[in-house]
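Residues per chain, in single letters:
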Amino acid sequence: MAKPIGLEINGKRYTVQCEPDTPLLSALRDELGLTGAKYGCGEGQCGACTVLLGGAPRRSCQIPVSAAAAKPITTIEGLEKDGQLHPVQQAFLDAGAFQCAYCTSGMILSSIGLLSTNPNPSAAEIAQSLQGNLCRCGTHPRIIEAVQHAAAAMKERGR
Amino acid sequence: MSSQFVRFDPEPERYEFSAGPIHNFELARRDFFKLFGAGIAVFAVAKGSLAGQETAPTRGFHGEELPAEITAWLHIGEDGKVTAFTGKVEIGQNIRTSLAQTVADELRVPFESVTMVTADTALTPFDFGTVGSRSMPTMSPQLRRVSAAARDLLVAAAAKEWNVSPEGLTAADGKITNPATGRSLRYAELAQGKTLAQNLPAEDPVTPADQWTVAGKPIPKKDGRNFVTGKHQYTPDLRRPGMMYGKVLRPPSFGATLTSYDAKAAQTMSGVVVVRDGDFVGAAAGNEQEASKAISAIHAEWKEVPQTSSKQLFSYLKKNAKASDDNRSRRTKGSVQEGLSAAARRLEATYTVAFIAHAPLEPRAALAEWSDGKLTVWTGSQRPFAVRDELASVFHLSENNVRVIVPDTGAAYGGKHTGDAALEAARLARAAGHPVKVVWTREEEFTWAYFRPAGVIEIKSGIDADGRLTAWEFHNYNSGTSAMETPYVVANQHIEFHKTQCPLRSGSYRGLAATGNFFARESHMDELARAALMDSLEFRLKNLAEPRLRAVYEAAAKSFGWPRKKTQEGQGFGIAGGLEKGGYVATCAEVAVDRSTKAVRVVRMTTAFECGAIVNPDGLRNQVIGANIQGLGGALFEAIAFENGRIVNPHFSSYRVPRFRDVPEIEAVLVDRKDLPSAGAGETPIMGVAPAVGNAIFDASATRLRDLPMIPNGLPAEKT
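Those sequence lines, one after another, are chains A and B. Just so you know, we're using my numbering here: the first sequence kicks off at 250 and counts up by one. Just so you know, we're using my numbering here: the second sequence kicks off at 16 and counts up by one.
In isolation and in its complexed conformation, chain A is listed as follows:
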């Protein structure tokens, strides 16, 4: 039975009416119109649906909405602050680290998750960390470059 479930997304409280086992991805996209997280496989294999749950990157297609109620959720829509892009968004834009860009939201959120636990990752560590995110256009080298630029920018900013 559909029931009201409270979610905290990008710092705002929302209530969605859906079955508890509805994937968080569907609740975000279809109930709340937050379509930045993408459906790519529905099986947790491609990373296009990645959001931050309690700050950690998670595949929103694999998380029942009822299990997402306890922790704050960040989606791609919540990263820009007062017209300022998040350093990772800015680095992707500067590096031209996308082609069709369907994977970009998931790549950016996975990268933010990585940088929160490892602020200065090597190229190999970035590759390892983004192994579950698919880019079919083959933009991988630029994505790694963008994450490294973002790491440097965040370090600079944090100083």
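Since the hints were made in silico from the structure, they are not lab data. Remember, predicted model here, so these are calculated numbers, not experimental data. Every residue gets a Cβ at the ideal spot worked out from N, C-alpha and C, and that includes glycine. Where hints are given, some of them may not hold.
[Stated by the list, open to error] Pair by pair, the computed Cβ-Cβ distance ranges are:
{"#": "1", "chain 1": "A", "residue 1": "Ala316", "chain 2": "B", "residue 2": "Ser611", "range": "43 to 49 Å"}
{"#": "2", "chain 1": "A", "residue 1": "Gln311", "chain 2": "B", "residue 2": "Glu658", "range": "26 to 32 Å"}
{"#": "3", "chain 1": "B", "residue 1": "Gly576", "chain 2": "A", "residue 2": "Gln377", "range": "27 to 33 Å"}
{"#": "4", "chain 1": "A", "residue 1": "Lys330", "chain 2": "B", "residue 2": "Gln213", "range": "45 to 51 Å"}
{"#": "5", "chain 1": "A", "residue 1": "Gln380", "chain 2": "B", "residue 2": "Lys580", "range": "30 to 36 Å"}
{"#": "6", "chain 1": "B", "residue 1": "Ser611", "chain 2": "A", "residue 2": "Gln311", "range": "33 to 39 Å"}
[Unchecked claim] Distance condition first, Cα-Cα at most 25 Å in a straight line; then the derived SDA-like pairs of lysine to any residue:
{"#": "7", "chain 1": "B", "residue 1": "Lys49", "chain 2": "B", "residue 2": "Gln207"}
{"#": "8", "chain 1": "B", "residue 1": "Lys308", "chain 2": "A", "residue 2": "Asp270"}
{"#": "9", "chain 1": "B", "residue 1": "Lys246", "chain 2": "A", "residue 2": "Glu394"}
{"#": "10", "chain 1": "A", "residue 1": "Lys252", "chain 2": "B", "residue 2": "Pro256"}
{"#": "11", "chain 1": "A", "residue 1": "Lys252", "chain 2": "B", "residue 2": "Lys308"}
{"#": "12", "chain 1": "B", "residue 1": "Lys246", "chain 2": "A", "residue 2": "Ala402"}
{"#": "13", "chain 1": "B", "residue 1": "Lys308", "chain 2": "A", "residue 2": "Lys330"}
{"#": "14", "chain 1": "B", "residue 1": "Lys613", "chain 2": "A", "residue 2": "Ala373"}
{"#": "15", "chain 1": "B", "residue 1": "Lys246", "chain 2": "A", "residue 2": "Asp343"}
{"#": "16", "chain 1": "A", "residue 1": "Lys330", "chain 2": "B", "residue 2": "Thr244"}
Add chain B to chain A, keeping to what the hints say.
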């Protein structure tokens, strides 16, 4: 095109799909200004407008005379804003940006002032489709010509205003200036109050590449910010008032027919609409989960037909080959028999190519809406006008009553030529009386889309004692004719394509058959070089006259450092190249093969690519490197497994595509030929990857891999 080798032109590429009907420009001039406002408009009437459908530049499609047709238009508004209209589709190849650069360059306006309206059958001119690497060579010159003509109109308008002769007036930075008086008028001022329209003459002088100011520059992707913020709406992201979600009941296997059907349980679900139309069964509901539940509640029985499996694929293709019935399928020059007799060494080998899937990250999707008997469909397709025609035909509508709009799409790679999801959404929407969105699941995408055709390739060859080719016989079964000809100089050759019964639905793919044909030819050339005891590059150059191909070989070799001495055990180097679709490519690869585990790692690749004058070096680099990475998938591990009409591996967990840790160090060497027209770049850079890697694996391990993919079970030492 050089005549130093045999141009093989057997038939229009069968997998590129045939041309649709020819359409007329239906938007009347006065309607145009009503829609877009007053100003200045120019319409490009291209000579032989269907030239975009050619697979080779030497003939018209099917050799027919082609009618003049409007292919692009451009509008300068009273606010000075420039809008250019084209039926081409943005699918990640960056065409929106590079075409806008072309317009800005020729019209002499800043890049930012140009908006491209793309792929909307109600607003943009007819276009065959974004296929065959044709957007750059055909659409870019047409947009240059409309832009140049618009500039002439602006000059004439300024001359009239100032009552001077147009000669000597200059156009720059969105203004017409009279250098004699120093006076200038902005384009906005000149467009004020006008409804000035002009058809283009067939030819107009345009700016040569060495004088470009906006084109030729690494301008970042248009609207890039919308992609890093998640604001861009792809088809699956769209929503319409009252929209429902649609799902389709899929048959258990290909070709199955519905024998019994009971949907009572589904029909009693609240808010659910069930449709049966022949073998089509679908449901629409208020959300995706309910639609899926409704589909699960339908009881259906199907009559299945026994089918072959991927295990028997290659013998099946050979066994079911049809005799070549026309000369378009084969080409002979000299006598292969004599060439083989005269050879000092002969070689014979068979290569195979598996079916592979495009697997674009955005699956097929469509949102359909009916209103007053008219149908509007938003869908990710490379051929919006063909989808419009499919819809018009299936629903018995006139084309005027169908509008297809393609939002910038999450890639296609040749996989989105058809309108499958559009038809499904439209059928469900008609029954539901509401707009319906259908988004294919990944499993549906892997099963019900179409595949790059599998094939068997057989080569027989001979070389003389000096290492010159004396004979070349090449047979392709099923996978297609693209790049089937050899670019090397051979006096005696026979090249033939064999149609066979193809067990899976097949269609276009990035580079199409060329990747397999390159793989066979360039692997074979490597084998011959070794037989001749020659360096693989030296052997190629000895047999190669085509200067543009020689140039990319030399550029790749120089940057890679070919030939290279091995410094470690298990190290190997390979090279391969060729030409296709007006682009010239050469790839060098380095691999490391672990002697004990046999694990293969691609360490480094250098690809040199030349496609005439470069319009956007940054976008081109993205395309070349992207093609190299995508090419690694088909080279190493991508293969569709099927059994009795079912796909066995329809998931990313069982169909392996390249991931971050598969990506080697890749260098793109871009050869800019400002003296040559721009060709497309989306496809050809993929073609050298598989043979270069295969040749490197042989160099490292003395194991010759003749089947694509070469390491289908993944890299043994690297379990992920």
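Now for the hints, and whether the structure bears them out:
1. A/Ala316 <-> B/Ser611: 43 to 49 Å: holds (45 Å)
2. A/Gln311 <-> B/Glu658: 26 to 32 Å: This hint holds: roughly 28 Å between Cβ atoms.
3. B/Gly576 <-> A/Gln377: 27 to 33 Å: At roughly 29 Å between Cβ atoms, A/Gln377 and B/Gly576 fall inside 27 to 33 Å, so the hint holds.
4. A/Lys330 <-> B/Gln213: 45 to 51 Å: holds (48 Å)
5. A/Gln380 <-> B/Lys580: 30 to 36 Å: holds (33 Å)
6. B/Ser611 <-> A/Gln311: 33 to 39 Å: holds (37 Å)
7. B/Lys49 <-> B/Gln207: holds (15 Å)
8. B/Lys308 <-> A/Asp270: holds (13 Å)
9. B/Lys246 <-> A/Glu394: Roughly 23 Å between the alpha carbons, so the hint for B/Lys246 and A/Glu394 holds.
10. A/Lys252 <-> B/Pro256: holds (23 Å)
11. A/Lys252 <-> B/Lys308: holds (18 Å)
12. B/Lys246 <-> A/Ala402: holds (24 Å)
13. B/Lys308 <-> A/Lys330: violated (40 Å)
14. B/Lys613 <-> A/Ala373: Holds, because 22 Å separates the two Cα atoms, which is no more than 25 Å.
15. B/Lys246 <-> A/Asp343: holds (17 Å)
16. A/Lys330 <-> B/Thr244: The given pair, whose Cα atoms are some 11 Å apart, holds under the 25 Å limit.
Consistency note: the structure conflicts with earlier hint 13 alone.
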